[in-house]
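Number of protein chains: 2
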Amino acid sequence: MSGLPFDPIDEAARQWRARWGDEPVAAMAAVTSVMRVEQILMARLNARLRPFDLTFPRYEALMLLHFSRAGSLPLGKMGDRLQVHRTSVTNIVDGLERTGLVRRTAHQRDRRSTLAEITQRGREVAEEATAVLNAERFATAPLGDAELAAITELLRGVRSGPA
Amino acid sequence: MSGLPFDPIDEAARQWRARWGDEPVAAMAAVTSVMRVEQILMARLNARLRPFDLTFPRYEALMLLHFSRAGSLPLGKMGDRLQVHRTSVTNIVDGLERTGLVRRTAHQRDRRSTLAEITQRGREVAEEATAVLNAERFATAPLGDAELAAITELLRGVRSGPA
Numbered sequence: 001m002s003g004l005p006f007d008p009i010d011e012a013a014r015q016w017r018a019r020w021g022d023e024p025v026a027a028m029a030a031v032t033s034v035m036r037v038e039q040i041l042m043a044r045l046n047a048r049l050r051p052f053d054l055t056f057p058r059y060e061a062l063m064l065l066h067f068s069r070a071g072s073l074p075l076g077k078m079g080d081r082l083q084v085h086r087t088s089v090t091n092i093v094d095g096l097e098r099t100g101l102v103r104r105t106a107h108q109r110d111r112r113s114t115l116a117e118i119t120q121r122g123r124e125v126a127e128e129a130t131a132v133l134n135a136e137r138f139a140t141a142p143l144g145d146a147e148l149a150a151i152t153e154l155l156r157g158v159r160s161g162p163a
Numbered sequence: 001m002s003g004l005p006f007d008p009i010d011e012a013a014r015q016w017r018a019r020w021g022d023e024p025v026a027a028m029a030a031v032t033s034v035m036r037v038e039q040i041l042m043a044r045l046n047a048r049l050r051p052f053d054l055t056f057p058r059y060e061a062l063m064l065l066h067f068s069r070a071g072s073l074p075l076g077k078m079g080d081r082l083q084v085h086r087t088s089v090t091n092i093v094d095g096l097e098r099t100g101l102v103r104r105t106a107h108q109r110d111r112r113s114t115l116a117e118i119t120q121r122g123r124e125v126a127e128e129a130t131a132v133l134n135a136e137r138f139a140t141a142p143l144g145d146a147e148l149a150a151i152t153e154l155l156r157g158v159r160s161g162p163a
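Just so you know, the protein sequences line up as chains A and B, in that order. Just so you know, we're using the numbering used here here: the first sequence kicks off at 1 and counts up by one. Just so you know, we're using the numbering used here here: the second sequence kicks off at 1 and counts up by one.
I should point out that these hints are in silico values taken from the structure, not numbers from a laboratory. Incorrect hints may have been included.
Repeated chains share a single entry, so a pair holds when one copy, or any two copies, can fit it.
Taking lysine to aspartate or glutamate pairs in the DMTMM-like style, the calculated list, with each CA pair at most 20 Å apart, reads [what the hints assert, rightly or not]: (1) K77 with D94; (2) K77 with E147; (3) K77 with E11; (4) K77 with E97; (5) K77 with E23; (6) K77 with D10; (7) K77 with D7; (8) K77 with D110; (9) K77 with E117; (10) K77 with D145; (11) K77 with D53; (12) K77 with D22; (13) K77 with E128; (14) K77 with E127; (15) K77 with E153; (16) K77 with E124.
Next up, chain A with everything else stripped away, as it sits in the complex:
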């Protein structure tokens, strides 16, 4: 760890093993690693995206709209795809609307449903931000492609299970 003379997760594993035996150690260490790496990646990505007035969650939502057939999606469907709650989608779309990358429109067939629609400016920013993230390999240094592919496959079991 930067600035620490030891790895806090190794230290936690040592404490766990001494008190509760081997059995729970692998799960505790993996969960803590995922939490910590998510924080680190989120901080790195948000720093890269700041020039575009984006955060990583907003970037993900913008790309979903950019890829969608009509350039728009109901907010509920966006939540399903991003696996976030409706209130989070609302906040994310608020942020994208405030910066002019998305606008809200009424659903043509279902008036109770709200659509988020990507603007021309949103499409330009989606392309520019992606060029930056692609060039920086999504801030995944020092991991190589084989390690990244292994992580994706190992995590698949959790992703496809129940929340």
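Chain A is fixed; fit chain B onto it per the hints.
Positioned in the frame of chain A, the structure of chain B alone reads:
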């Protein structure tokens, strides 16, 4: 994915490859997987910890104090170990203090520094909550120990790098 007829990360990988080639796909898919799995694990763990008035970040902070030699640590040191910002540590300790698991005290030698100290009740809850999380393997189903160990090792490179 629960409720979705396709895996949204596989779908994103397909879109990425079609537009920007193979090169950035592994990094994009791994980053998105880590983000998604963090959300899923956090939701599962918070649900298990709710009976103890804990969230997973509060639980981690409580365990750090439980393991510490004196049962107390300066807030700054807690932030270093948990790799979170000072404002997050303040919020976490506020929550633990409100529920009587931790109290703030003045540092004996450095009066400008604030310590968080675990209470007797805090130690009891730390043990009870850990018994639940250990028994449920930290909500990591369906992953086995070998997969969990592989995840911890693969993520080590990112954890030990710069934020």
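Within, between, both or neither, where K77 and D110 count as close if Cα-Cα is 20 Å or less: Within one copy, since 14 Å is at most 20 Å while 53 Å is not.
20 Å Cα threshold - placement of E127 relative to K77: Answer is neither; intra-copy 23 Å and inter-copy 41 Å both fail.
Intra/inter-copy verdict for K77 and E23 if alpha-carbon distance must be at most 20 Å: neither (40 Å within a copy, 29 Å between copies)
Intra- versus inter-subunit Cα pairing at 20 Å for K77 with D7: Intra 40 Å, inter 14 Å, cutoff 20 Å: inter-copy only.
20 Å Cα threshold - placement of E147 relative to K77: neither (31 Å within a copy, 32 Å between copies)
Homo-oligomer pair classification [D22, K77; C-alpha up to 20 Å]: Neither: 42 Å inside a chain and 28 Å across chains, both beyond 20 Å.
Intra- versus inter-subunit Cα pairing at 20 Å for K77 with E97: within (18 Å within a copy, 39 Å between copies)
Homomeric proximity label, K77 with E128: Cα distance no greater than 20 Å: Intra 25 Å, inter 39 Å, cutoff 20 Å: neither.
Homomeric proximity label, K77 with D145: Cα distance no greater than 20 Å: Result: close neither inside a copy nor across copies, 31 Å intra and 35 Å inter.
Intra- versus inter-copy proximity for D94 and K77 (alpha-carbon distance at most 20 Å): within (16 Å within a copy, 36 Å between copies)
Homo-oligomer pair classification [E117, K77; C-alpha up to 20 Å]: within (13 Å within a copy, 45 Å between copies)
Alpha-carbon proximity between K77 and E11, which holds within one copy, between copies, both or neither at 20 Å: Result: close only across copies, 15 Å inter versus 42 Å intra.
Against the hints set out earlier in the document, violations occur for numbers 2, 5, 10, 11, 12, 13, 14, 15 and 16.
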